[in-house]
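Protein chains: 2
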Amino acid sequence: LAAKKTIGDGVLIAVDWGTSRLRAWLVDSAGEAIADADSGDGIGRIEGGHEAVFERAVAAWPRLPAIMAGMIGSRQGWREAPYVPCPATAADIAGGVIRFTTERGRPVAIVPGIAIRSGDGDVMRGEETQVAGLIASAPGFAGTVILPGTHSKWVRVEMGAIADFQTYMTGELFELLSQKSFLRHSVADAGGDLSTSPDFALAVRRTAVEGLPFLAGLFPVRARQLLADVKPADNLPYLSGLVIGGEIAAARATGRFDAGDDIRIVGARSLARAYKQALEVAGFDAETLAGDRLVLAGLTDLARSIRFLPEKTG
Amino acid sequence: LAAKKTIGDGVLIAVDWGTSRLRAWLVDSAGEAIADADSGDGIGRIEGGHEAVFERAVAAWPRLPAIMAGMIGSRQGWREAPYVPCPATAADIAGGVIRFTTERGRPVAIVPGIAIRSGDGDVMRGEETQVAGLIASAPGFAGTVILPGTHSKWVRVEMGAIADFQTYMTGELFELLSQKSFLRHSVADAGGDLSTSPDFALAVRRTAVEGLPFLAGLFPVRARQLLADVKPADNLPYLSGLVIGGEIAAARATGRFDAGDDIRIVGARSLARAYKQALEVAGFDAETLAGDRLVLAGLTDLARSIRFLPEKTG
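Listed in order, the protein sequences are those of chains A and B.
According to my numbering, the residues represented by the first sequence are 50 to 363, in order.
According to my numbering, the residues represented by the second sequence are 50 to 363, in order.
So that you can see chain A by itself, here it is in the shape it has in the complex (with noise of 0.2 Å):
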């Protein structure tokens, strides 16, 4: 075993500083993490003052390099970081990187966010960070990476690239839904593990199996409940269901994946192990895979093409 790293050996500091959180990692040579920091100092959270933010965050750490990805480069952020063309690899995406001096003499560099222009369009900003790490550590991977949450983005990736990808406001609508609606009267939040109910697992199949229009299933929330005698406790899942199956089948109906896709679901372990579950009933195979530590990847990834961190040896 190698002796315990210390903070003197980190070189670089990558931080994820989306709306509602930062978290900072003080990296060694090797792209390592020997310490971390989170708070909840999201930039939907504090009002500018961006570098007195993250200096206090990394207060006890060494005056490094920083490299960050997420809404901080939105225009809402620290520095705009203008979106990269879709598709993208992960040299497109360090070429976007915009690099400026703080006040206090440190080097930042902030991670650009990708756009796709035609038709509609769609936006991603932190995302490719995690779908970069997620490159880096599987060099050979085309599949499909599902990146669940508030707005949920299915990626497609094709030779090292991000060649496609799609949002759905999954988590919002979520949210929204149990409680904002008039349906909030109809559910209830029992704890625990949404998608190990049977009622989540009928939701998904009747949205993504059986052909159920997710508008056509929403008034049925409360139907249940008025009629038959449904739980709010189990019908929450059932809601949770309904959205992530109806996201299941839509992205399935716009061409986003099918059978024989390799899989990957990058999150939060509970909203991971939901989408793996909803998936499995839908009838795919998935992986999960922690987006912290994707993330990560994707910053060390990064920093080594833009020489924030020494390449890779070995």
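Calculated directly from the structure, the hints in this document are not laboratory data.
Accuracy of the hints is not assured; some may be wrong.
As the list claims (entries may be wrong) - Taking lysine to any residue pairs in the SDA-like style, the calculated list, with each CA pair at most 25 Å apart, reads: (1) B:K229 <-> A:K53; (2) B:K229 <-> A:F223; (3) A:K229 <-> B:T68; (4) B:K229 <-> A:G89; (5) B:K325 <-> B:G168; (6) A:K229 <-> B:G170; (7) B:K229 <-> A:A191; (8) B:K229 <-> A:R155; (9) A:K361 <-> A:A191; (10) A:K280 <-> B:P247; (11) B:K229 <-> A:I95; (12) A:K280 <-> B:A164; (13) A:K280 <-> B:H234; (14) A:K53 <-> A:E360; (15) B:K280 <-> A:H200; (16) B:K229 <-> A:E360; (17) B:K229 <-> A:G198; (18) A:K280 <-> A:I312; (19) B:K280 <-> B:D310; (20) A:K280 <-> B:G168; (21) A:K229 <-> B:A187; (22) B:K229 <-> A:P281; (23) A:K361 <-> A:P156; (24) B:K229 <-> A:S227; (25) A:K325 <-> A:K361; (26) B:K280 <-> A:G91; (27) A:K361 <-> A:R155; (28) B:K229 <-> A:G57; (29) B:K325 <-> B:P247; (30) B:K280 <-> A:R124.
Claimed, not checked - Listed next, the stretches of chain B that the computed footprint assigns to chain A, with coverage defined by at least 3 CB atoms under 8 Å from CB atoms of chain A: (31) 215-223; (32) 345-358.
These figures come from a predicted structure and were not determined experimentally.
Idealized CB from N, CA, C, for every residue including glycine.
Guided by the hints, dock chain B onto chain A, whose structure is given.
Relative to chain A, chain B alone:
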């Protein structure tokens, strides 16, 4: 021309008492309205005291029997009129009317809603009276009746009966998406009729003709504004077209209507026109009917059945 009717000619008060509004008509023995009253004292806006609220609303009229439809007959209303099972003729609905005499001695009849108890089930309360009015005024009608609104109803009428129906949360979903979701930053209400916008027709075409799944169409509302420079004032009709087009596509996919069906749209003028316009884009002709007139026709028809009004002569 007949002599102008006076309040003294009234024999019945017909009432549409929903969640947000109370409307009443003073009706003569032919079922014609002599006077009307309107208040914001919907059952969702008052705390009980239904008798006092009602007496205040019709204080200018003689103390006549009153027949009421709408949420006033729900568990949260004045007295519960339990759901009549579907399929239901006007006679079945009349058979479920509950009657009582108020503390001040006024006879009151409350019209029941209709419930489907197979499958997940579905319910309506208030719309059955409009459909009864349509059946009474067009006894040979067979086809689909669409009653758009917060919760749109698609009703199959066959052989003078409500044969089947299905509810869509279209109006509520549009409110949530345009006002509470992150899409609110990408839409703006410039006033005027949304359904005359080319963006409304475009969204209807995509969902109801080209098969774009509703869920796949949501995030592009944001992308259109961000990347394609679509103005928020053009994006609101687009979002409206997505929810209405999505509803039409779902109703069709679930067998609620098909080519060749006789389609009637019952509702307030601008909403009925939007649905007529959307159906035209989807390739269907529909006739619009005023909801107010049909609810009155339904109430007087049911009042005749329960002898609150004399039989129609001639």
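Now for the hints, and whether the structure bears them out:
A threshold of 25 Å between alpha carbons decides the hint, and for K229 of chain B with K53 of chain A the separation of about 49 Å lies outside it, so the pair is violated. At roughly 13 Å between alpha-carbon atoms, K229 of chain B and F223 of chain A fall within 25 Å of each other, so this suggested pair holds. For the hint linking K229 of chain A to T68 of chain B, the alpha-carbon distance of about 17 Å falls within 25 Å, and the restraint holds. A distance of roughly 23 Å separates the Cα atoms of K229 of chain B and G89 of chain A; the hinted pair therefore holds under the 25 Å criterion.
Under the criterion of a C-alpha separation no larger than 25 Å, the hint pairing K325 of chain B with G168 of chain B is inconsistent with the structure, at around 30 Å. For the suggested pair K229 of chain A and G170 of chain B, the alpha carbons sit about 23 Å apart, so the restraint of at most 25 Å is met. This hinted pair does not check out: K229 of chain B and A191 of chain A have alpha carbons roughly 37 Å apart, beyond 25 Å. For the given pair, K229 of chain B sits about 39 Å from R155 of chain A by alpha-carbon distance, which is inconsistent with the 25 Å threshold.
Taking the CA atoms of K361 of chain A and A191 of chain A, the gap is about 23 Å. The hint holds against a cut of 25 Å. The hinted pair formed by K280 of chain A and P247 of chain B fails the criterion: a straight-line CA distance of about 44 Å is larger than 25 Å. For the suggested pair K229 of chain B and I95 of chain A, the alpha carbons sit about 21 Å apart, so the restraint of at most 25 Å is met. The straight-line distance between the Cα atoms of K280 of chain A and A164 of chain B is roughly 19 Å, inside the 25 Å bound, and the hint therefore holds.
In summary, the hint linking K280 of chain A to H234 of chain B is not supported, as the alpha carbons are separated by about 36 Å, beyond the 25 Å threshold. A C-alpha spacing of about 22 Å is found between K53 of chain A and E360 of chain A, which places the hinted pair at or below 25 Å, so the restraint holds. For a cut-off of 25 Å, the pair hint linking K280 of chain B to H200 of chain A stands: about 22 Å separates their Cα positions. For the hint linking K229 of chain B to E360 of chain A, the alpha-carbon distance of about 47 Å lies beyond 25 Å, and the restraint is violated.
Straight-line distance between C-alpha atoms of K229 of chain B and G198 of chain A comes to about 18 Å, which keeps the hinted pair within the 25 Å bound. The hinted pair formed by K280 of chain A and I312 of chain A fails the criterion: a straight-line CA distance of about 34 Å is larger than 25 Å. At roughly 37 Å between alpha-carbon atoms, K280 of chain B and D310 of chain B are farther apart than 25 Å, so this suggested pair is violated. For the hint pairing K280 of chain A with G168 of chain B, the CA-to-CA distance comes to about 16 Å; that is within 25 Å, so the pair holds.
At roughly 40 Å between alpha-carbon atoms, K229 of chain A and A187 of chain B are farther apart than 25 Å, so this suggested pair is violated. The straight-line distance between the Cα atoms of K229 of chain B and P281 of chain A is roughly 23 Å, inside the 25 Å bound, and the hint therefore holds. A C-alpha spacing of about 21 Å is found between K361 of chain A and P156 of chain A, which places the hinted pair at or below 25 Å, so the restraint holds. Annotation: proposed proximity of K229 of chain B to S227 of chain A holds, straight-line Cα distance about 13 Å (limit 25 Å).
A threshold of 25 Å between alpha carbons decides the hint, and for K325 of chain A with K361 of chain A the separation of about 33 Å lies outside it, so the pair is violated. Restraint check for K280 of chain B and G91 of chain A: the C-alpha separation of about 29 Å exceeds 25 Å, so the hint is violated. As the CA atoms of K361 of chain A and R155 of chain A are separated by approximately 23 Å, the hinted pair is consistent with the 25 Å bound. A threshold of 25 Å between alpha carbons decides the hint, and for K229 of chain B with G57 of chain A the separation of about 47 Å lies outside it, so the pair is violated.
Pair hint K325 of chain B plus P247 of chain B holds up; C-alpha atoms about 15 Å apart against a cutoff of 25 Å. For a cut-off of 25 Å, the pair hint linking K280 of chain B to R124 of chain A stands: about 18 Å separates their Cα positions. Taking a C-beta to C-beta cut-off of 8 Å, the stretch 215-223 of chain B contributes 7 residues in contact with chain A, enough for the three needed, and the coverage statement holds. Counting residues of the stretch 345-358 of chain B whose CB falls under 8 Å from any CB of chain A gives 0; the rule of at least 3 is not met.
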